[in-house]
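What follows is each chain in one-letter form.
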Amino acid sequence: MKEQDFDQLFQDRKHQLDRMPSPRAWHQLERRLDSHRKRNKFHFARSLSMAAALLLLIVLSIGIALSVPGEQSRLLNQSPLPLASEQLEADDVEAAEELRLAISAQQAEAKRNRLIEDNKERGKRLLASHARTEPGKPSIWQTLLNGTWSLPHGQEGALRLTQGPDATAKGASSIAGLPDFKLTPGSKSKIDMVLELASNGADETYALVYQSPQLAVFEQASGQGRGRISFELLEQNRLAIIWEKADRKALHPVPRQLTPKPQQWMLHQLQLQ
Amino acid sequence: MMRVIHTKYRDVTEEDLIAACRKEDRRAQQQLYERFAPVMFGVCRRYIKTEADAEDVLAEAFFKVFTNLQQYRGQGSFEGWVRRIVVNEALMFLRKRHNFRLTAELSEADRPAPAHFAQQIAANDILGLLAFLPTGYRTVFNLYILEGYKHREIADILGISINTSKSQLILARKRMQELLQAAGYPGLENYGSPGKGA
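Here the protein sequences line up with chains D and P, keeping their order.
Going left to right, the first sequence walks through residues 1 to 273 as this note's numbering numbers them.
Going left to right, the second sequence walks through residues 1 to 198 as this note's numbering numbers them.
Here chain D stands alone, though its shape is the one from the complex:
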């Protein structure tokens, strides 16, 4: 017999061993398929529950973030100043001011530029239109009108705000460098206020751009140059007034930018009597 014939002998009988296996094989297979199906369902359910848990976590995180008033106002208002003001120390005003300048220069430059570009006289856009006063706490305006503010440590000078019959508030200041000013409610909304300075005959108007129970920020809306005035209530009945004014010469190299170095600023920390 040749080799090919020998191989052919087996190839012809290739299916000689074919027959249906015992039922045990199918039962074994069926058990494997059942456990596989259960495992798939379990994996699907587990994946679904993990996705649901993740979604719930995200929703809870968003809910918590929105429920914190301070965070909310900061996120929505995008104030240029709150972080620096939060870190003001009672007896470290200079360091706080440096911090304020650095942070405000970095964080608020773009926002401020856009505001100035959008500025049309008093039409400066109001950023804090939704700012609210916490229940039980007086607004910054109520606090400002309550009493006379004087310089600490025996320095001369004081500030007194009085409310007029037409809902205006007029400030009389004897502090060197701080001009008299008048607060007038604007026409846009209840908190839209305009601060008018009476200084050396200059007609400068500042519009309220940010407000919280502790902080009010005005930015210049008319007049020469650009400036910003902040009123901030600190702990222990102290008031900080920060007046930042851009040097007109600084406007030429970089138009419409409030650069930190040429700013002239004054700060007065008064004790509520």
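Any given hint might turn out to be false.
As the list claims (entries may be wrong) - Derived, one-sided and incomplete: chain D residues facing chain P with beta-carbon distance under 7 angstroms:
{"#": "1", "residue": "D7"}
{"#": "2", "residue": "F10"}
{"#": "3", "residue": "H15"}
{"#": "4", "residue": "L17"}
{"#": "5", "residue": "R19"}
{"#": "6", "residue": "R32"}
{"#": "7", "residue": "I62"}
Stated by the list, open to error - Think about it this way: if two alpha-carbon atoms lie no more than 25 angstroms apart in a straight line, the pair counts; the simulated DSS-like pairs of lysine-lysine are:
{"#": "8", "chain 1": "P", "residue 1": "K49", "chain 2": "D", "residue 2": "K14"}
{"#": "9", "chain 1": "P", "residue 1": "K166", "chain 2": "D", "residue 2": "K14"}
{"#": "10", "chain 1": "P", "residue 1": "K23", "chain 2": "D", "residue 2": "K2"}
{"#": "11", "chain 1": "P", "residue 1": "K96", "chain 2": "P", "residue 2": "K23"}
{"#": "12", "chain 1": "D", "residue 1": "K38", "chain 2": "P", "residue 2": "K23"}
{"#": "13", "chain 1": "P", "residue 1": "K174", "chain 2": "D", "residue 2": "K2"}
{"#": "14", "chain 1": "D", "residue 1": "K245", "chain 2": "D", "residue 2": "K182"}
{"#": "15", "chain 1": "D", "residue 1": "K14", "chain 2": "P", "residue 2": "K150"}
{"#": "16", "chain 1": "D", "residue 1": "K14", "chain 2": "P", "residue 2": "K174"}
{"#": "17", "chain 1": "P", "residue 1": "K64", "chain 2": "P", "residue 2": "K96"}
{"#": "18", "chain 1": "P", "residue 1": "K64", "chain 2": "D", "residue 2": "K41"}
{"#": "19", "chain 1": "P", "residue 1": "K174", "chain 2": "D", "residue 2": "K41"}
If you are wondering where the hints come from, they were derived from the structure by calculation, not from laboratory data.
Note that the Cβ used here is the ideal one computed from N, Cα and C, for glycine as well.
We have chain D; now place chain P onto it with these hints.
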């Protein structure tokens, strides 16, 4: 005995049956199993000595068929696709119990065929003789002669050299011839003679 099959899939085409199996329809899976189980069980028995092990391998192979049906794109015959899975599963089973790289079985080639085994085998049941071959011989014999693989492919599959594959086939043929002669199978007188044998 196998339980009675529902008639729902009795006359459906292979494509429809496969589509139903992809949806994990248990009746379709059983029908598909029953269509191919006899042939695939024959394949398993050629590789595996005992029927119980062959059934275990068959069940595991069909489990892989059903859980990997998405990979079958309809190119080529479905039976061929299933057969490859069954053969691979059988080889995996053997690998767990046998190291194909060892050639210790070569010495067994000189051992004469047990007469009492051969006498139990009918002349027309020659595939049953495969069970009397050592694992290495039987595997190479199956892959080369009955599955049509080349020695290079067998060497890759089993992780052995081509020469080992060839020598195992020669010895398998020799052992099988002895078994056939012992069983009184006619027409083997000239096989293995000079110029004609392996």
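Hints and how they fare:
With its C-beta approaching chain P no nearer than about 5 angstroms, D7/D sits inside the 7 angstroms limit, and its interface hint holds. Given the 7 angstroms rule on beta carbons, the hint for F10/D holds: about 6 angstroms separates it from the nearest Cβ of chain P. Among the interface hints, the one on H15/D holds; its C-beta lies about 6 angstroms from the nearest C-beta in chain P, closer than the 7 angstroms criterion. The restraint placing L17/D at the interface with chain P holds, with a minimum CB-CB distance near 4 angstroms, inside the 7 angstroms limit.
With 7 angstroms as the threshold, the beta carbon of R19/D comes within range of chain P, its nearest partner Cβ sitting at about 6 angstroms, so the hint holds. Checking R32/D against chain P: minimum C-beta separation of about 5 angstroms stays under 7 angstroms; hint holds. For I62/D, the suggested interface contact is broken, since its CB lies about 39 angstroms from the closest CB of chain P, more than 7 angstroms. Of the pairs offered as hints, the one joining K49/P and K14/D holds, with about 16 angstroms between alpha carbons and a cut-off of 25 angstroms not exceeded.
The straight-line distance between the Cα atoms of K166/P and K14/D is roughly 21 angstroms, inside the 25 angstroms bound, and the hint therefore holds. Straight-line distance between C-alpha atoms of K23/P and K2/D comes to about 51 angstroms, which puts the hinted pair past the 25 angstroms bound. Pair hint K96/P plus K23/P does not hold up; C-alpha atoms about 33 angstroms apart against a cutoff of 25 angstroms. At roughly 15 angstroms between alpha-carbon atoms, K38/D and K23/P fall within 25 angstroms of each other, so this suggested pair holds.
Of the supplied pair hints, the one linking K174/P and K2/D holds, its CA atoms being roughly 13 angstroms apart against a limit of 25 angstroms. Restraint check: the Cα-Cα separation between K245/D and K182/D comes to about 18 angstroms, which is no more than 25 angstroms; the hinted pair holds. Restraint check for K14/D and K150/P: the C-alpha separation of about 18 angstroms stays at or below 25 angstroms, so the hint holds. A threshold of 25 angstroms between alpha carbons decides the hint, and for K14/D with K174/P the separation of about 19 angstroms falls inside it, so the pair holds.
For a cut-off of 25 angstroms, the pair hint linking K64/P to K96/P stands: about 18 angstroms separates their Cα positions. A threshold of 25 angstroms between alpha carbons decides the hint, and for K64/P with K41/D the separation of about 18 angstroms falls inside it, so the pair holds. Of the supplied pair hints, the one linking K174/P and K41/D is violated, its CA atoms being roughly 54 angstroms apart against a limit of 25 angstroms.
Comparing the model with each numbered hint stated earlier shows that hints 7, 10, 11, 19 do not hold.
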